[in-house]
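K.L.:
The listed protein sequences derive, respectively, from chains B and S. 2 is the number of the first residue of the first sequence in this note's numbering; add one for each residue after it. 2 is the number of the first residue of the second sequence in this note's numbering; add one for each residue after it.
A portion of the hints provided could be inaccurate.
Within a straight-line C-alpha distance of at most 20 Å, the following computed SDA-like cross-link-like pairs (lysine to any residue) qualify [to be verified]:
| id | chain 1 | residue 1 | chain 2 | residue 2 |
| --- | --- | --- | --- | --- |
| 1 | B | Lys93 | S | Gly89 |
| 2 | B | Lys15 | S | Lys17 |
| 3 | B | Lys137 | S | Lys251 |
| 4 | S | Lys251 | B | Ser71 |
| 5 | S | Lys17 | B | Ala111 |
| 6 | B | Lys93 | S | Ser24 |
| 7 | B | Lys143 | S | Lys251 |
For the chain S half of the interface with chain B, some residues (derived, Cβ under 10 Å), not all of them [stated by the list, open to error]:
| id | residue |
| --- | --- |
| 8 | Ile3 |
| 9 | Arg21 |
| 10 | Gly170 |
To spell it out: a stretch of chain B is covered by chain S in this simulated footprint if at least three of its residues, at any positions, have a beta carbon under 8 Å from a beta carbon of chain S; those stretches are [stated by the list, open to error]:
| id | stretch |
| --- | --- |
| 11 | 46-60 |
| 12 | 100-106 |
It is worth saying that the hints were derived from the structure and are not from the lab. Backbone N, C-alpha and C define an ideal beta-carbon position, used for all residues, glycine too.
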Amino acid sequence: MIMNAIKVENLTKKFNGFTAVDSISFAVESGELFGLLGPNGAGKTTTINMLSTLLKTTSGYAEVAGVDVSKSTNDVRKSIGIVFQEPALDNKLTGRENLEFHGMMYGMAAGERRKRIDEVLALVELTDKEGMLVEKYSGGMKRRLEIARGLIHRPKVLFLDEPTLGLDAQTRRHIWEYIKKLNKEAGVTIILTTHYMEEADYLCERIAIIDHGKIVALDTPKKLKDVLGGDVVCLDVEGDAAKYMQYVKSLKWIKNAKIHDGELCLTMDQGEKRIPELVCKAPKMGVNIRSVSLRKPSLEDVFLHFTGKTIREQEAGQNGFGREMMRIRAGRGHGM
Amino acid sequence: MINANAIYVLWLREMKRFIRAKSRIIGMLAMPLLFLAFMGMGFSGVSIPGAGGGVNYITFLIPGIIGMGMLFTSMFAGISVLWDREFGFLKEIMIAPVNRVSIVLGRIAGGATTALIQGILILLIAMVIGFRIPGLMEFAMAVVFMLLIATTFIGLGLVFASKMRDMQGFNLIMNFVIFPLFFLSGALFPLDNLPFFIKAISYIDPLTYGIDGMRASLIGFSTFNVIVDFMVLLGMSAIMVFLGAYFFEKSESV
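Can you make the complete structure from the sequences, with help from the hints?
P.N.:
Structure below.
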């Protein structure tokens with residue numbers, strides 16, 4: 002019985018001198034629902050592409066379902082299913098035909114194939130649409146069909162690259178439920194990549210936070226948030242901010258105080274109970290509090306804590322960097 | 002290991018897509034037939050020089066038109082890998098536990114069937130409007146040459162597709178590869194009158210031998226001996242298929 006569904010050691014990928022994945026290491030247990038969380042361009046898709054044998058590694062070691070990805074690629078492929086970031090369906094074939102194609106390419110016998118296709122179609126509730134050409138499917142339906150397809154050959158590991166990207170909120174919820182159901186009922190190890198924090202928080206048992214090709218943190222969502230030490234109360238302050246800061250730092254229930262984006266952000270437990278005291282004391286310190294916000298710890302804050310930027314800021318600041326990376330990628334191969 | 006199952010399903014996919022694309026079927030018949038009609042009418046009454054005064058132009062032209070149609074269809078079939086890359090389906094193909102050689106053979110099987118259907122249909126239509134062929138044996142010989150033309154140019158298409166990133170360069174290929182291959186193949190006129198240096202290019206054009214072979218089979222008039230045509234085309238076909246498979250194997254799926 003393989004304990005680790007995936008084992009990665011110092012995995013690296015370079016494109017024309019640009020390091021997309023920088024010596025990352027992690028392991029995923031059998032049956033785990035594991036997440037790679039990070040902004041666009043962090044190296045998530047590249048990592049998935051290496052683990053699924055679509056890209057050759059530059060250096061390092063990776064093992065999927067007990068098989069070295071650089072040695073027996075076909076053995077790895079038999080054990081994995083993957084749903085890519087962009088749709089990889091044949092629009093001119095029907096839903097069922099796409100699944101038949103997959104089943105045959107994976108060497109399934111006709112009878113078993115037919116039965117299995119019926120099963121997966123029922124799982125994603127597309128049975129009544131199986132005879133429709135995929136070009137007529139909505140975005141959500143295509144994604145569900147691809148999830149169904151990834152499961153036909155009963156993979157040990159399923160890779161989901163940004164599974165709900167571009168979908169509306171309701172479809173997203175449905176897909177989250179499928180993913181959870183899959184993991185619980187079928188016991189499939191699932192690796193998902195995402196830049197949506199609430200998705201990683203809701204679905205994943207453990208999350209690796211990845212930024213600029215490196216893993217900056219790896220733990221359960223709860224433990225990651227515990228690192229922050231508690232709730233974050235942000236105050237928009239005008240007046241003698243330095244004096245107020247001094248006062249705040251003297252309070253023993255304040256765990257952390259820093260300035261971010263022109264606001265004073267304080268970490269504490271049960272922020273909702275402490276706000277009245279902070280606000281009432283302010284005039285005595287010579288400051289006027291213009292606004293208060295309370296945030297329960299989220300992965301956004303965790304990301305901020307570990308990288309100094311929020312995921313949104315990371316992506317926004319990428320205008321020069323991100324485009325450079327895209328250009329290098331375009332010269333190397335087709336997109337992500 | 003060659004995976005027969007995979008070759009079959011890749012072939013099946015091409016066939017389904019082919020049957021469903023009505024406009025493509027019409028296009029692949031319409032262009033050659035329009036060419037035939039207008040060139041034939043324009044040159045009606047013209048006899049082919051160097052033919053011993055026996056072959057009229059339309060008769061001479063028909064194998065050339067078949068070759069032309071198949072050249073375009075086959076090149077496109079090979080290059081269609083780029084469509085799959087563009088629309089993402091190539092990843093699904095490449096992620097399967099199937100070796101690259103089988104994938105190439107599957108694409109060749111699909112493309113060759115498509116081109117062969119086109120070639121035979123054009124020939125049948127020509128026969129309906131009066132083109133006479135010597136017999137079934139000769140028909141079969143012509144089909145063999147059609148098959149070799151198809152596999153050769155699908156291979157060439159694959160070479161290009163493996164080196165290109167997307168369909169942007171297709172225009173260049175049309176103008177600087179496909180059209181020269183067509184015009185210098187003897188499809189429209191005999192090669193005898195061409196200056197030496199141009200003729201040299203024709204001699205390395207696989208289509209020259211394919212069309213000449215069809216002419217030898219169907220109308221008994223050709224520049225080379227039919228055995229020569231067959232051997233040369235067979236060799237070129239093998240080389241092209243090998244190169245196509247080689248470069249495809251080397252290319253990245255993402």
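K.L.:
All hints, please: hold or fail.
P.N.:
Tested hints:
1. At most 20 Å may separate the alpha-carbon atoms for a hinted pair to count; Lys93/B and Gly89/S meet this at roughly 13 Å.
2. For a cut-off of 20 Å, the pair hint linking Lys15/B to Lys17/S is broken: about 40 Å separates their Cα positions.
3. Between Lys137/B and Lys251/S the alpha-carbon distance is near 34 Å, which puts this suggested pair outside the 20 Å criterion.
4. Under the criterion of a C-alpha separation no larger than 20 Å, the hint pairing Lys251/S with Ser71/B is consistent with the structure, at around 15 Å.
5. Annotation: proposed proximity of Lys17/S to Ala111/B holds, straight-line Cα distance about 19 Å (limit 20 Å).
6. Proximity of Lys93/B to Ser24/S is assessed by CA-CA distance (about 14 Å); at most 20 Å being required, the pair is judged to hold.
7. Note on Lys143/B and Lys251/S: the hinted pairing is violated, with a Cα-Cα distance of about 30 Å set against a maximum of 20 Å.
8. Interface hint status for Ile3/S: violated, as the beta-carbon distance to the closest one in chain B is roughly 13 Å, over 10 Å.
9. The restraint placing Arg21/S at the interface with chain B holds, with a minimum CB-CB distance near 6 Å, inside the 10 Å limit.
10. Checking Gly170/S against chain B: minimum C-beta separation of about 14 Å lies over 10 Å; hint violated.
11. Look at the stretch 46-60 of chain B against chain S: 5 of its residues bring a Cβ nearer than 8 Å to a Cβ of that chain, three or more, so the hint holds.
12. A count of 5 residues in the stretch 100-106 of chain B with a Cβ less than 8 Å from any Cβ of chain S is obtained; the coverage claim is therefore met, three being the minimum.
Of the hints listed earlier, those the structure fails to meet are numbers 2, 3, 7, 8 and 10, in rising order.
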